[in-house]
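K.L.:
Those protein sequences? They're chains F and U, same order as listed.
Residue numbering for the first sequence follows UniProt numbering, starting at 1 and increasing by one per position.
Residue numbering for the second sequence follows UniProt numbering, starting at 1 and increasing by one per position.
Check each hint, because a few of them may be wrong.
You can't tell identical chains apart in this list, so a pair holds if it fits in one copy or across any two.
Claimed, not checked - Each computed DSS-like pair below joins lysine-lysine, with the alpha-carbon atoms no more than 30 Å apart:
id : residue 1 : residue 2
1  : K42       : K30
2  : K4        : K42
3  : K30       : K54
4  : K78       : K4
5  : K78       : K42
Derived from the structure by calculation, the hints contain no laboratory data.
Number of protein chains: 2
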Amino acid sequence: MAAKAIFYHAGCPVCVSAEQTVANAIDPSKYEVESVHLGTDKSRIAEAEAAGVKSVPALVIDGAAFHINFGAGIADLK
Amino acid sequence: MAAKAIFYHAGCPVCVSAEQTVANAIDPSKYEVESVHLGTDKSRIAEAEAAGVKSVPALVIDGAAFHINFGAGIADLK
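Could you build all of it, start to finish, from the sequences and the hints given here?
P.N.:
Written out as structure tokens, the structure reads:
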């Protein structure tokens, strides 16, 4: 069964590029990728921060946060 | 046929984590990932820079550079 990975973004150009390329390249047999827009779904910002996300776009896999380039700081999404 | 993606790293802990998690999660049916250690293979630094890589670890997919967290600046590898 595929584990869950979460791609946090904010709809920014850097985010869209990372989603279309990196997030879409993830092997679906290994990870089911959920995409969360923190700009429109602010209720999940705390969850992202708890996972170590400091900026978007970021991918949380196996409990670790991987920031992919830099679109926006998480503080700017609040 | 799988396209080619290149994961540039320098053996640093941040690099190893990104390789074991993000690079290994890439769908092999979409991308064949080549791993290049710029600390030991300095002849490929210019190629990485031409692709837009400014720090490692970084993944170059479809001609775009995606920096994953921050291990070391590319200038520090020369």
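K.L.:
Each hint needs a verdict: does it hold in this structure or not?
P.N.:
Each hint tested on the structure:
When the C-alpha separation of K42 and K30 is checked against a cutoff of 30 Å, the pair qualifies only within one copy, where the shortest distance is 28 Å, while the shortest distance between copies is 33 Å. Within a single copy, K4 and K42 get their C-alpha atoms as close as 20 Å, which meets the 30 Å cut-off; across copies the closest is 36 Å, which misses it. In this homomeric assembly, K30 and K54 come within 30 Å of each other (Cα to Cα) both inside a single copy, at 25 Å, and across copies, at 29 Å. Proximity of K78 and K4 under a CA criterion of 30 Å is satisfied intra-copy only: 25 Å inside one chain copy versus 38 Å between copies.
Only within a single protomer do K78 and K42 lie at most 30 Å apart by alpha-carbon distance; the minimum there is 7 Å, versus 42 Å between protomers.
In summary, the structure agrees with every hint in the numbered list given earlier.
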